[in-house]
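Colleague: All the letters of the sequence shown, read from the start, carry residue numbers 47 to 531 under our numbering.
These aren't lab readings, by the way, just hints derived from the structure by calculation. Some clues are possibly wrong.
[Said to hold, decoys possible] With a Cα cut of at most 25 Å, we get these calculated DMTMM-like pairs of lysine to aspartate or glutamate:
hint	residue 1	residue 2
1	Lys261	Asp87
2	Lys403	Glu125
3	Lys329	Glu125
4	Lys329	Asp248
5	Lys331	Glu121
6	Lys289	Asp87
7	Lys124	Asp248
8	Lys196	Asp87
9	Lys197	Glu123
10	Lys403	Glu361
11	Lys261	Glu373
12	Lys260	Glu405
13	Lys402	Glu125
14	Lys126	Glu251
15	Lys403	Glu332
16	Lys261	Asp248
17	Lys455	Glu335
18	Lys402	Glu335
19	Lys334	Glu405
20	Lys465	Glu332
21	Lys261	Glu121
22	Lys403	Glu121
23	Lys260	Asp87
24	Lys403	Glu487
25	Lys465	Glu373
26	Lys289	Glu405
27	Lys261	Glu405
28	Lys455	Glu332
29	Lys260	Glu123
30	Lys197	Glu251
All of these numbers come straight from a predicted model, not from anything done at the bench.
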Amino acid sequence: MKDQILRLSKDTLIYGVGNVAQRFLAIFLAPIFTRIFSPADYGILDVITTAVALLQLFLILGLDAASSYYYFHTEGEKEKRQVLSTALTFLAGFALLVAVVAVFAASSISLFFFGTQNYSNHITIALFSVPFVVITAFLIDVLRLRFQAKKYVVMATTRVLLTAALSIYLIAFLHFGVIGAFWANLVTGLVTTLLGFYLVRDVFELSFSVPFLKKLLRYGLPLVPAALFYWVFTLSDRFLLTKLVSLNEVGVYTIGAKLAAVMAMLVGAFQLAWGPFALSVAKRKEAKEIYANVLTVYLAVAFFFSILVASFAKEILIIFTTAPYFEASKVVGLLSIGAVFYGAYYIVAIGVNLAKKTEHLAWTTGLAALVSIGLNLLIIPRFGMLGAAFVNSLAFLTSALAIFFVSQKYYPINFQYQKVLIILFFGVCLTLIGSFLSTGEVSLEVIFLKALVVFSFPVLLFSTRTFTTSGLRSFASQFPIINKL
C-alpha cells in the first residue's frame with residue numbers, strides 16, 4: 047500500500063506544479079486587470095467565461111471519464127490506442143460543429159445575458175476558442191492516463207505563460223479592453239492544441255471504431271447531466287448575481303473566487319492524480335484501505351490551506367488588487383470550504399465509478415443544483431455575494447453526501463468516520479473564524495491572531511489524537527519522492 051500512496055503523492059505533487067501554474071495565472075493577472083477593469087468589466091469577463099465553460103462541459107459528453115474507464119479496462123496497446131483515437135476524433139468534430147452553430151447566435155446570447163448586443167463580438171471570439179479548449183483538455187487527460195505527469199506540466203506551463211503574455215500585451219499595451227482576454231485565450235488554445243498533439247503523437251492512430259464509440263457514449267452520456275448540474279451549482283451564482291444584484295457585485299465576487307482558487311490548486315492537483323490512480327489500484331485487496339486513508343489525509347491537508355487562505359484574504363487583496371475589490375474577502379472562506387467538499391466528492395464517489403453506475407452522478411448532482419438555485423433565489427436578493435458563497439459551499443456538501451450514500455451501496459468502504467468528523471468540525475469552524483477576522487482592519491495584532499487560528503488546526507488534530515507523531519512519521523516515510531523531485 048505504501049507504494050501506491052507514494053505514487054499518488056508523486057503524481058499529486060507534479061500535477062500540483064501544473065495546476066499551480068494554471069491557477070497562478072488568475073492570481074497573477076488580477077493585479078493588472080483590477081487596475082484596468084472596473085468591477086462591471088470584470089463581471090462581463092466572468093459571465094462570458096462562465097457561459098463558455100457550460101458549453102465546454104456539454105461538448106465533452108462525458109468522454110473524458112469514459113475514455114479513462116475503458117483505457118484501464120481494455121487489454122492490449124492497440125485497443126487502448128483505438129479507444130483514445132475514436133474519442134478524440136468524435137470530440138473534435140462535435141465541438142467544432144456546435145461552436146460554429148453557436149457563433150450565429152452570439153448577438154442573441156449577448157442580449158440574453160446583458161440586455162444589449164454590444165458584447166456579441168466578445169462572445170464570438172470566446173466561442174471560436176471552445177474547440178481548441180475541448181481538444182486540449184482531452185489531450186491532457188491522455189497524458190494523465192499514461193501517467194506522463196511531467197508532460198502535463200509542460201502543457202500547463204506553456205498555456206499559462208502564453209496566456210499571460212498575450213493578455214498583458216493586448217490589454218495593457220494595445221488597450222483591447224475585455225475582448226483582449228478572449229483573443230489571448232483563442233491564440234493560446236490554438237498553440238496548446240498543436241503542442242498537445244506533438245506530446246502525444248505516439249499514442250494516436252488513424253482509426254475510428256463505431257463499436258468503441260457506442261461503448262464510450264453509453265458510459266459517458268449519463269455523466270452529461272451531472273456535468274451540467276455541476277455547472278448550475280458552481281457557476282450559476284454569477285448569472286443570478288447579475289440579474290438580482292449588479293455586475294459590480296459579480297466583479298467583486300469573481301475576485302473572491304479567484305483568491306479561493308488557491309484552494310482549487312490543491313483540489314485540482316489531487317483530482318487530476320486521483321482518477322487514474324483510483325482506477326489503477328481498484329483490483330488490489332487493500333484498495334478500500336487506501337481509499338479510506340486518502341480521504342482522511344486529504345481533508346486534513348485541504349482544510350489547513352482553507353483556513354490559511356480565508357484568514358489572510360484581506361492582506362492578499364490589499365497587495366494584489368485595488369480598494370473596490372477588498373470586499374471580496376468576505377466570500378473567500380465559504381468558497382474555500384466548498385472547494386474542500388468538491389475534492390471529497392471525487393474520493394467518496396469511487397464506488398459508483400467502479401460499479402459503472404454513473405447515472406447516479408446525475409441525480410445526486412442535480413439535487414445539489416436544486417439546492418443551489420432555490421437557496422440562491424431566496425438568499426442573494428438579501429445577502430448578495432455572501433449568500434451566494436454560503437449556498438456554494440452548502441451545494442458542494444450536498445453533492446458529496448448524496449454520492450457518498452449511493453456509492454456505499456455499491457462499494458462499501460469503512461472510512462475513518464471519527465477522524466473525518468473531527469477534521470470537518472475544526473476545519474469548518476476555524477475557516478469561518480479566519481474569514482471573520484479577515485473582514486476587519488489589518489494590524490500586526492490581528493495578523494498574529496490569524497496565525498494562531500491557522501496553526502491551532504494541526505494542534506487540535508494532534509491533541510485529539512486524530513493524528514499522532516508516530517503516525518505522522520510513518521506516513522511521511524512513504525514520501526521519499528519529495529527528495530527526488
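Colleague: With reference to the structure, classify each hint as holding or not holding.
Modeller: Results of checking the hints against the structure:
Of the pairs offered as hints, the one joining Lys261 and Asp87 is violated, with about 44 Å between alpha carbons and a cut-off of 25 Å exceeded. Our distance criterion of 25 Å between C-alpha atoms is met by Lys403 and Glu125, whose separation comes to about 24 Å. Of the supplied pair hints, the one linking Lys329 and Glu125 holds, its CA atoms being roughly 21 Å apart against a limit of 25 Å. Distance hint between Lys329 and Asp248 is unfulfilled; the C-alpha atoms sit about 28 Å from each other, more than 25 Å.
Between Lys331 and Glu121 the alpha-carbon distance is near 21 Å, which keeps this suggested pair within the 25 Å criterion. Annotation: proposed proximity of Lys289 to Asp87 holds, straight-line Cα distance about 15 Å (limit 25 Å). The straight-line distance between the Cα atoms of Lys124 and Asp248 is roughly 12 Å, inside the 25 Å bound, and the hint therefore holds. The suggested pairing of Lys196 with Asp87 is violated, with an alpha-carbon distance near 36 Å, which exceeds 25 Å.
Simply put, Lys197 and Glu123 have alpha-carbon atoms about 20 Å apart, close enough for the 25 Å limit, and the pair holds. For the proposed pair Lys403 and Glu361, the alpha carbon gap of about 45 Å is over 25 Å, so the pair is violated. With a C-alpha separation of about 49 Å, the suggested pair Lys261 and Glu373 falls outside the 25 Å cut-off, and the hint is violated. Distance check on the hinted pair: Lys260 and Glu405 sit about 16 Å apart at the alpha-carbon level, within 25 Å; holds.
Simply put, Lys402 and Glu125 have alpha-carbon atoms about 20 Å apart, close enough for the 25 Å limit, and the pair holds. Note on Lys126 and Glu251: the hinted pairing holds, with a Cα-Cα distance of about 10 Å set against a maximum of 25 Å. With a C-alpha separation of about 22 Å, the suggested pair Lys403 and Glu332 falls inside the 25 Å cut-off, and the hint holds. Straight-line distance between C-alpha atoms of Lys261 and Asp248 comes to about 24 Å, which keeps the hinted pair within the 25 Å bound.
The suggested pairing of Lys455 with Glu335 holds, with an alpha-carbon distance near 17 Å, which does not exceed 25 Å. The hinted pair formed by Lys402 and Glu335 meets the criterion: a straight-line CA distance of about 21 Å does not exceed 25 Å. For the suggested pair Lys334 and Glu405, the alpha carbons sit about 22 Å apart, so the restraint of at most 25 Å is met. A hinted pair counts as satisfied when its Cα atoms are at most 25 Å apart, and Lys465 with Glu332 qualifies at roughly 20 Å.
Between Lys261 and Glu121, the direct Cα distance comes to roughly 15 Å. Compliance with the 25 Å bound is thereby established for this hinted pair. Between the alpha carbons of Lys403 and Glu121 the distance comes to roughly 22 Å, so the proposed pair stays at or under 25 Å and holds. Of the pairs offered as hints, the one joining Lys260 and Asp87 is violated, with about 44 Å between alpha carbons and a cut-off of 25 Å exceeded. Among the hinted pairs, Lys403 with Glu487 is inconsistent with the structure: their alpha-carbon atoms are about 50 Å apart, more than 25 Å.
Annotation: proposed proximity of Lys465 to Glu373 is violated, straight-line Cα distance about 35 Å (limit 25 Å). At most 25 Å may separate the alpha-carbon atoms for a hinted pair to count; Lys289 and Glu405 exceed this at roughly 32 Å. Between Lys261 and Glu405 the alpha-carbon distance is near 15 Å, which keeps this suggested pair within the 25 Å criterion. Pair hint Lys455 plus Glu332 holds up; C-alpha atoms about 19 Å apart against a cutoff of 25 Å.
Distance restraint check for Lys260 and Glu123: the Cα-Cα separation of roughly 20 Å lies within the 25 Å cut-off, and the hinted pair is therefore satisfied. Note on Lys197 and Glu251: the hinted pairing holds, with a Cα-Cα distance of about 20 Å set against a maximum of 25 Å.
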